[in-house]
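Listed below, chain by chain, are the residues.
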Amino acid sequence: MSGASEIIRPPRLSPLNQRRLANFRANKRGWWSFWIFLFFFVLTLGAEFVANDRPILVMYKGELLTPAFVDYPESKFGGFLGVTNFRHKVNIDEIEANGWMLWPPIRFNHNTVDSFIAFPGANPPSWLLTREQICQRYPEGVEDSFCVPGNYHWLGTDGGGRDVLARLIHGFRISILFGLVLTVLSSVIGVVAGAMQGYFGGWVDLIAQRLIEIWTSVPSLYLLLIISSVIAPNFWVLLGILLLFSWVSLVGIVRAEFLRARNFEYVNAARALGVSNRRIMWRHLLPNAMVATLTFMPFILSGSVATLTSLDFLGFGLPVTAPSLGRLLSEGKSSLDAPWLALTGFLTVAIMMTLLVFIGEAVRDAFDPRKTFR
Amino acid sequence: MSEPLLSVRDLSVHFGANVAVDKVSFELTAGETLALVGESGSGKSITALSLLGLQPPTASVTGQVHFDGTELVGAATATLRSIRGNQVGMIFQEPMSSLNPVHTIGKQIGEVLAVHQGLRRNAARARTLDLLDAVGIPDPQGRIDDYPHQLSGGQRQRAMIAMALANEPKLLIADEPTTALDVTVQAQVLDLLKSLQQAHGMALLFITHDLSIVRHIADRVCVMTKGEMVETGATQTIFAAPAHHYTRQLLAAAPAGDPAPLPAQSANVVSTQDLKVWFPIRRGLLRRTVGHIRAVDGVDLGIRKGETLGVVGESGSGKSSLGYALLRLIPSTGRIVLLGNEVQSRSWNALRPLRKHMQIVFQDPFGSLSPRMSVGEIVGEGLKVHMPALSAQERDLKVAAALKEVGLEVATAARYPHEFSGGQRQRIAIARALVLEPDFLVLDEPTSALDVSIQSQIIDLLRDIQRRRQLSYLFISHDLRVVKALAHRLIVMRNGQVVEQGEAAAIFADPQQAYTRQLLAAAFDLAAPPNVTDDRLPPPHTTE
Numbered sequence: 001m002s003g004a005s006e007i008i009r010p011p012r013l014s015p016l017n018q019r020r021l022a023n024f025r026a027n028k029r030g031w032w033s034f035w036i037f038l039f040f041f042v043l044t045l046g047a048e049f050v051a052n053d054r055p056i057l058v059m060y061k062g063e064l065l066t067p068a069f070v071d072y073p074e075s076k077f078g079g080f081l082g083v084t085n086f087r088h089k090v091n092i093d094e095i096e097a098n099g100w101m102l103w104p105p106i107r108f109n110h111n112t113v114d115s116f117i118a119f120p121g122a123n124p125p126s127w128l129l130t131r132e133q134i135c136q137r138y139p140e141g142v143e144d145s146f147c148v149p150g151n152y153h154w155l156g157t158d159g160g161g162r163d164v165l166a167r168l169i170h171g172f173r174i175s176i177l178f179g180l181v182l183t184v185l186s187s188v189i190g191v192v193a194g195a196m197q198g199y200f201g202g203w204v205d206l207i208a209q210r211l212i213e214i215w216t217s218v219p220s221l222y223l224l225l226i227i228s229s230v231i232a233p234n235f236w237v238l239l240g241i242l243l244l245f246s247w248v249s250l251v252g253i254v255r256a257e258f259l260r261a262r263n264f265e266y267v268n269a270a271r272a273l274g275v276s277n278r279r280i281m282w283r284h285l286l287p288n289a290m291v292a293t294l295t296f297m298p299f300i301l302s303g304s305v306a307t308l309t310s311l312d313f314l315g316f317g318l319p320v321t322a323p324s325l326g327r328l329l330s331e332g333k334s335s336l337d338a339p340w341l342a343l344t345g346f347l348t349v350a351i352m353m354t355l356l357v358f359i360g361e362a363v364r365d366a367f368d369p370r371k372t373f374r
Numbered sequence: 001m002s003e004p005l006l007s008v009r010d011l012s013v014h015f016g017a018n019v020a021v022d023k024v025s026f027e028l029t030a031g032e033t034l035a036l037v038g039e040s041g042s043g044k045s046i047t048a049l050s051l052l053g054l055q056p057p058t059a060s061v062t063g064q065v066h067f068d069g070t071e072l073v074g075a076a077t078a079t080l081r082s083i084r085g086n087q088v089g090m091i092f093q094e095p096m097s098s099l100n101p102v103h104t105i106g107k108q109i110g111e112v113l114a115v116h117q118g119l120r121r122n123a124a125r126a127r128t129l130d131l132l133d134a135v136g137i138p139d140p141q142g143r144i145d146d147y148p149h150q151l152s153g154g155q156r157q158r159a160m161i162a163m164a165l166a167n168e169p170k171l172l173i174a175d176e177p178t179t180a181l182d183v184t185v186q187a188q189v190l191d192l193l194k195s196l197q198q199a200h201g202m203a204l205l206f207i208t209h210d211l212s213i214v215r216h217i218a219d220r221v222c223v224m225t226k227g228e229m230v231e232t233g234a235t236q237t238i239f240a241a242p243a244h245h246y247t248r249q250l251l252a253a254a255p256a257g258d259p260a261p262l263p264a265q266s267a268n269v270v271s272t273q274d275l276k277v278w279f280p281i282r283r284g285l286l287r288r289t290v291g292h293i294r295a296v297d298g299v300d301l302g303i304r305k306g307e308t309l310g311v312v313g314e315s316g317s318g319k320s321s322l323g324y325a326l327l328r329l330i331p332s333t334g335r336i337v338l339l340g341n342e343v344q345s346r347s348w349n350a351l352r353p354l355r356k357h358m359q360i361v362f363q364d365p366f367g368s369l370s371p372r373m374s375v376g377e378i379v380g381e382g383l384k385v386h387m388p389a390l391s392a393q394e395r396d397l398k399v400a401a402a403l404k405e406v407g408l409e410v411a412t413a414a415r416y417p418h419e420f421s422g423g424q425r426q427r428i429a430i431a432r433a434l435v436l437e438p439d440f441l442v443l444d445e446p447t448s449a450l451d452v453s454i455q456s457q458i459i460d461l462l463r464d465i466q467r468r469r470q471l472s473y474l475f476i477s478h479d480l481r482v483v484k485a486l487a488h489r490l491i492v493m494r495n496g497q498v499v500e501q502g503e504a505a506a507i508f509a510d511p512q513q514a515y516t517r518q519l520l521a522a523a524f525d526l527a528a529p530p531n532v533t534d535d536r537l538p539p540p541h542t543t544e
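Going down the list, the protein sequences come from chains U and P.
Oh and the first sequence: position 153 is 153 in my numbering, straight run, nothing missing.
Oh and the second sequence: position 11 is 11 in my numbering, straight run, nothing missing.
Each hint should be verified, as a subset may be incorrect.
To be verified - Reference excerpt, derived from the structure (chain P facing chain U, CB under 10 Å, subset only): (1) K384; (2) H386; (3) E419; (4) D439.
Unchecked claim - From the derived model, a few chain P residues whose C-beta atoms are all more than 12 Å from chain U: (5) H116; (6) Q117; (7) R121; (8) D191; (9) T237; (10) P242; (11) V290; (12) I330; (13) P353; (14) R355; (15) K356; (16) E377; (17) R415; (18) A429; (19) Q457.
FYI, nobody ran anything at the bench for these hints, they're computed from the structure.
Predicted, not measured: the structure shown is a model, and the values here were computed from it.
For every residue, glycine included, the Cβ atom is placed at its ideal position computed from N, Cα and C.
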């Protein structure tokens, strides 16, 4: 019994996909961009372990605590506030006296206001200052046990005394996650809508096409401004509003692929076998359309990130407390005496976009049939 | 023997490390016809193209080609250009894609005259009219301003010939000029080529895979396989006493044999009454239906157990539409009964259980297999639909049995369609249909995309399966020789209607209708029908 199965089951990855993977790897620029991007993405996914105003682990009186995940009331450490401020000297001394704590490499959250910053207003990156300058506001100066590299501002602070590097790490994560979720959701909706139109054709296609034409002629930016002035935008509200307009971008190509492929002989053969419409669309037609879809996805992703950044820059995006690259840029624009703000924001966005475009080009070339069969 | 017009010595064409043509030599004198014969991939077309430096840019050509005192291999582009279309004319297989769809045929022929002879407006137009008349296009005055899509396939090929002849070339190269045409039109075009050759004293290099054409038209034959020329000689000699075993194989490959013996009287497996496929013609802003194209117009048929019904007809006769309508792949009206079950009145879902009993094999073995599924998945797909209770192992066993039945190894199941040749792919398509153990199979031109030697293998396989399983076939083909080898009964279709039907042997021996006689004469003797003007666009038979 198992003998026949072993012969009949093909290897996991079809030869076509193996060739695509090989092509993707052969594009060195795209391959390296992919790994660099993945590194940043994984790193910032764990932003709480990289930049946080709470320790990752605390050992207090024989009990192991995880403040990165759990809010502990200060009463646990002998205080009276609802939530423990682990950056407060009293708490630190109390914990260190009864155990130890493990800090992340950057001891600031994206919203943490550093009360010991060297100068009023925006502070330059720590590597432009001497240790004396950095520690000058700490009670014991250079000798202070609190003036350690974890409390340095490697990329300076903004005007409100918040660490730029921490904001960058958290902002990168929210940008990419927002872009990914928006890309996946709009692709799913766009593929389903395009597939329906292309496969069934006729009146379904005609009416849906006209509706999409009307829909795309709605000025989305103004609608966005109006809606965000009525509802306070948060991550999901903003995602929903952008999704309303972004799903149409894929409908055209998916529809064209389905329209082209629905009369292929192997589709007719499947119909003659009695395969259901849904299964034909899934098994036989979708793989055709996925090439076009996957080719577009990295570009839709970078487009989504750019949209979020520009909305934040204009002040119509995520709430003020959220970390955001757009707001970093707009602060950089308004405080030209602190060039590290604008430079950091610009370089981050530029590098992120470049990586995404390089990956997109490599994916596009890997799926290009002319390249594949050369 | 006079000085040869074209002499080719040791012509080789390489694509990188691949040898497409290997040291081919032949000669051609004025007024002579040489046929280059071979199956697909034998390098016959690339040989012809490289004579005039028209090979793809990635190919490298070595050897010598002397044409009328000029060496053509390695000649300057300007020299080649002055010879192409001027002293050497070319005709290609596909007349639709060889003509530019946005220019009238008069303009396209006039362009050739302007480039090589410098003829201007009126002179060019007068000459074009002469040429169109010479190639037998009826009413040249009315046709000269037509666009290619307004002409029928045969007329397009005639226009191409007019273009190739415009400058009275000394050599005409015809690359499969009749492959895309119907048999009656093919016979007309061959006759035309032959008479034009005699009138102008041209040399004709004729490239084809079809041996019956060769016997009809060529003085001498060169047989090619895998880039090598294996045999060359006078047509009579080669057909009478082939020396090389490949030539013998090719000559023996023509589909032969008789249909499998019919079982004793049995009930109809499938039958139709007044089956109609009408496509509406919609015009105007509101897309009102103003008429119908009657693809299939009132066909009654019945196929018994173990019987093959052949459906023959030229392109546009509605024979494929008939097959699709039987399987409800296109909408139709009229009764269809399969094994006592009404097919027409059922909903799509209610029809599904019946689909197990009727299957189809398509013409194009490259288009009918999904390139992204393994052979095992392709063959097993129907089992998932119709026998969902089967376990994966049971399904694999059935797939393996079906592959063995069509003569493929079980290991092919793990591979993908692109790894197989046309004949093997067609076997896979047959396995996909057989795995459901159907009672009735529609075979839509299953052999026409294949080489002759493969054709007869597939025919043998189909006959074998029929004998074993008592299957009923609806065998659709334009190739009467193939039909003769397989069909018990025959219907001849024209413009959606059945012109003649009856026992196949009787029809082949003594056709009753004039149209059937024409078809048979064109197919077996390559005789052109008497009325040459008949090859006009079929009238759009519409109802008001």
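Output the numbers, in ascending order, of every earlier hint that fails for this structure.
-> As far as the earlier hints go, 4, 12, 13, 14, 15, 16, 17 and 18 are violated by this structure, in ascending order.
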